[in-house]
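Visitor: Sequences listed follow chains A and B, in order. Start counting the first sequence at 0; every next residue gets the next number (numbering that gives the first Met the number 0). Start counting the second sequence at 0; every next residue gets the next number (numbering that gives the first Met the number 0).
Derived by calculation from the structure, the hints in this document are not laboratory data. This structure is a prediction, so every number in the text was calculated from the model and none was measured. Glycine residues also receive a C-beta, built at the ideal position from the N, C-alpha and C atoms. Be a bit skeptical, because a hint or two may be false.
Think about it this way: if two alpha-carbon atoms lie no more than 20 Å apart in a straight line, the pair counts; the simulated SDA-like pairs of lysine to any residue are [claimed, not checked]:
(1) B:LYS159 x A:VAL96
(2) B:LYS431 x B:TYR450
(3) B:LYS41 x B:GLN163
(4) B:LYS323 x A:MET55
(5) A:LYS93 x B:GLU116
Pairwise CB distance ranges (calculated) [stated by the list, open to error]:
(6) B:GLN42 x A:ALA73: 47 to 53 Å
(7) B:LEU35 x A:ARG25: 44 to 50 Å
(8) A:LEU9 x B:LYS159: 50 to 56 Å
(9) B:ASP69 x A:ARG84: 48 to 54 Å
(10) B:LEU494 x A:LEU22: 47 to 53 Å
(11) B:LEU494 x A:ASN4: 55 to 61 Å
(12) A:THR23 x B:SER321: 25 to 31 Å
(13) B:ALA207 x A:THR23: 26 to 32 Å
(14) A:ALA73 x B:ALA54: 29 to 35 Å
(15) A:LYS93 x B:GLY297: 43 to 49 Å
(16) A:LYS93 x B:ASP69: 37 to 43 Å
(17) B:ARG111 x A:PHE65: 36 to 42 Å
(18) B:VAL23 x A:LYS93: 37 to 43 Å
Chain by chain, the residues run as shown.
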Amino acid sequence: MATLNYYIVLASILFGLGAVGFLTRRNALILFMSVELMLNSVNMILVAFSNFRAEMAGQVMVLFIFAVAAAEVAVGLAILIVLFRHVKSVNVNKFNVLKW
Amino acid sequence: MSNFGFPFSLEHLWQVCGGQVLLVVAGLVLIIADMLLMDRDKQSRCGIISWITIASLAAILLHLVFRQWDSPTVVLSGVFSADRFSIFVSAIVLLSALLASLLSIGYLKNNRAANSEFYILLVFAVYGTVAFIQSVDLLMMFITLEIMSIAVYALAAFLKECRQSQEAALKYFFLGSFGSAFFLFGMALLYGFSGSVNISVIARSISANGLFTQAPVLIALCMILVGLFFKMAMVPFHMWTPDVYEGSPSVVTGFMATAVKAAAFGVFIKVLFVTFTPLLSQGGNSANSITANLVALGAYWKPVLWWTALLTMFIGNLLAVSQKNLKRMLAYSSIAHAGYMALGILAANAEGRAGVLFYLVAYTLMTLGAFGVLYIIDGVERRAQTLDDYKGIGFKYPGLAFLMSLFLVAMAGLPPTAGFVAKFYVFAAAIKEGYMLLAALGIITSVFGLYYYLRVIWMMYMETVERDVVPADMGAPALVAIVIAAVGVMYFGVLPESLSDMAQVAQQGLAAIF
C-alpha cells in the first residue's frame, strides 16, 4: 500500500533530479525539460496531497500549473529560436557574450 | 445574497481590484487600438499607443494613491487583498512603469524597434506585478508571478536584432523559471500540511497543529525564500542579474530592476510577516498564542537572512568596483541595494518595514533615473556604456551629467538625497534590534559603494577626451522622466516625513491581511 510519504519522497527525488539536471546539463532544450520535470514533480505532490486530504483543490491547482508551464515554455522556446538564429547552437556555454 | 461566503458585488470587486481591473482594461484597449491603427505606419502607431499607455498608467497611479488608499479593503474570496501595504508597493510599480514608458519612446525610436507590442507587454507586465503584490494566496502568487515574468521575458528579448538582448532574455527565463519552481514546491508542501494556500490560513493552521518548527514547514519556508530570493537578486541567487541587466534594453532593465524587485520585496515581506512571523497588532487573544508559536520560526529564518543580507551587500558592492561597463556596474549596485533592504526586513520591526518601503521608493527613483541618463547618453553618443566613454561627459552635456551625479550620489547614500534617508531608516531599524555588527559591516560596504559611484562622477568632470560624435536627438519625454526622478530623489531627501509617514501607515496594513 503506497502511502502519502512514498509520493512525497518520489516527487522530491524528481524535483532534485530536475534541479541537478538544470545545473549540470549544457543543452538548452534539456534545461527546458529539467524545469518541466521540477514543475511536474510539484504537480505530483499536489495530486497526492489532494487525494490524501480527500479534497479537489490540489487537483485544480495542477491544471493551473499546467497552463502556466505551457505559456512559459511557449515564450522560452520563442526566445531560444531567435537566439539560435544568432548563435547557431543550443549549447548554453555558447551564450557567452555577456560575462564579466 | 451570495453563494461565495463573502459579500460579492461589482462595487466590492471595484474596491478590491480597482487597480487590477483598470490595468487589464488598459491592456485590452491598447490591443484594440493597435488593431484599429493598423493602416498607419509603425512609427506613428507606436507613438499613439505609447501616449495611451502613459496616460492610463498615470490615471491608475492616481486612482491607487488617491482613491484606493483611502478605502483599503481586505479580501476578495481570500485571493486578493487591497490593503494599504499592497497599494503602496503597487504604486511604486506603477511609478516605475510610468517612468519606464516615458523613457521608452525615444529608446525604441533610436534602436529602430518602435513596435507597439512593447507597451502592450509592459501594461500586462504591470498587471501581473500588481496582482502579484495584491495576492494573499500562494497559488495566485505563482500564477501572477508568471504573468509578470513571462511578459518581462518577452520585453527583455525585445531587440530582435541584438544578440545581447536575446541572450539576456534566455538567461532571465531559465533562472526565473528555475526560481519559481522552488517557490511552487514550497507552496505545494504548505498546501499539503495546512490544507490551504491562503497565507493567513496557513499561518493559523501550522501554528495550531504544532507544525511550525517541523521539517516540512521549514523546507517549505526555505523553498519559498529561495524562489523569492531569485526575483530579489539576493546572493547567492544573483548570478543572472548582471548578465540580464546588461543585455536587456535599458528601459526594460530599469523596469526589471525596480518594479519586479519592488514586487518581490513586497511579497517577501508579506509572506514572511503574515505566514511565518505574523505581526498581530490587532487580533485578540487567540492571535497571541499563534504569534508566540510562530515567533519561534524567527530563530530559523533570521540567521539565514542575516548571512544573505551580509553576502548581498558585500558581493554586490565588491564586484561593482571592478566593472567597466556602467550598466553592469548598476546591476551589481542594485544587488547591493537589495542587501540593504534585507537589513530592514531582518530587523522585523515597524521601523524596518517602513524603512524598506521608503527605500523601495527612493531606489526606484534613483535607479530609473540613472538608467534613464545612461540610455540617453548611450543613445546620443551612439553606444557609450563603458566608464571610458564617460570621460568629459560633464562638459559636453552639463545638465545630464549633473542629474547623473545626483542619482549616483543618492545611490551612494549621501545627504541630502532620498538615498541617504532610506539607508538611514533601515540601518537605524537594524541597530534598534541589536544587529550592530551587521549594520557596521553594511556601512563598511557602502564605503566601497562611495568609491565606484564617485569614480563615475570623477570621469565625467575631471577627464577630458574629445569624441567627435554628432549628438543624436535625446527626446523630450525621457528628459521629463529623468527630471521627475531627480525631483523625487531631492524632495524625499529634504522632506522625507510625508513619504515615511505613508510607509508607516502602509506597513500597518500587513496586520489587516492576517
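Visitor: State for each hint whether it applies.
Guide: Taking the hints in turn, this is what the structure says about them:
1. Distance restraint check for LYS159 of chain B and VAL96 of chain A: the Cα-Cα separation of roughly 15 Å lies within the 20 Å cut-off, and the hinted pair is therefore satisfied.
2. Proposed proximity of LYS431 of chain B and TYR450 of chain B is contradicted: the alpha carbons are some 28 Å apart, above 20 Å.
3. About 24 Å separates the Cα atoms of LYS41 of chain B and GLN163 of chain B, which puts this hinted pair outside 20 Å; it is violated.
4. Our distance criterion of 20 Å between C-alpha atoms is broken by LYS323 of chain B and MET55 of chain A, whose separation comes to about 55 Å.
5. Proposed proximity of LYS93 of chain A and GLU116 of chain B is contradicted: the alpha carbons are some 29 Å apart, above 20 Å.
6. For the pair GLN42 of chain B and ALA73 of chain A, the supplied restraint of 47 to 53 Å is violated, since their beta-carbon distance comes to about 29 Å.
7. A hinted range of 44 to 50 Å holds for the C-beta pair LEU35 of chain B and ARG25 of chain A, which are about 46 Å apart.
8. At roughly 42 Å, the beta carbons of LEU9 of chain A and LYS159 of chain B sit outside the given window of 50 to 56 Å.
9. Taken as a hint, the range 48 to 54 Å holds for the pair ASP69 of chain B and ARG84 of chain A, whose Cβ atoms sit roughly 52 Å apart.
10. Between LEU494 of chain B and LEU22 of chain A the Cβ separation comes to about 48 Å, which falls inside the hinted range of 47 to 53 Å.
11. Between LEU494 of chain B and ASN4 of chain A the beta carbons are some 59 Å apart, a value that agrees with the proposed interval 55 to 61 Å.
12. For the pair THR23 of chain A and SER321 of chain B, the beta carbons lie near 28 Å from each other, so the given range of 25 to 31 Å is met.
13. Taken as a hint, the range 26 to 32 Å is violated for the pair ALA207 of chain B and THR23 of chain A, whose Cβ atoms sit roughly 42 Å apart.
14. Evaluation of the 29 to 35 Å hint for ALA73 of chain A and ALA54 of chain B yields a pass: the beta carbon distance comes to about 31 Å.
15. The hinted window of 43 to 49 Å between LYS93 of chain A and GLY297 of chain B holds, with their beta carbons roughly 45 Å apart.
16. Restraint check, LYS93 of chain A to ASP69 of chain B: a C-beta distance of roughly 55 Å breaks the suggested window 37 to 43 Å.
17. Between ARG111 of chain B and PHE65 of chain A the Cβ separation comes to about 38 Å, which falls inside the hinted range of 36 to 42 Å.
18. About 39 Å separates the C-beta atoms of VAL23 of chain B and LYS93 of chain A, a value consistent with the hinted range of 37 to 43 Å.
Of the numbered hints given earlier, the model fails hints 2, 3, 4, 5, 6, 8, 13 and 16; all others are met.
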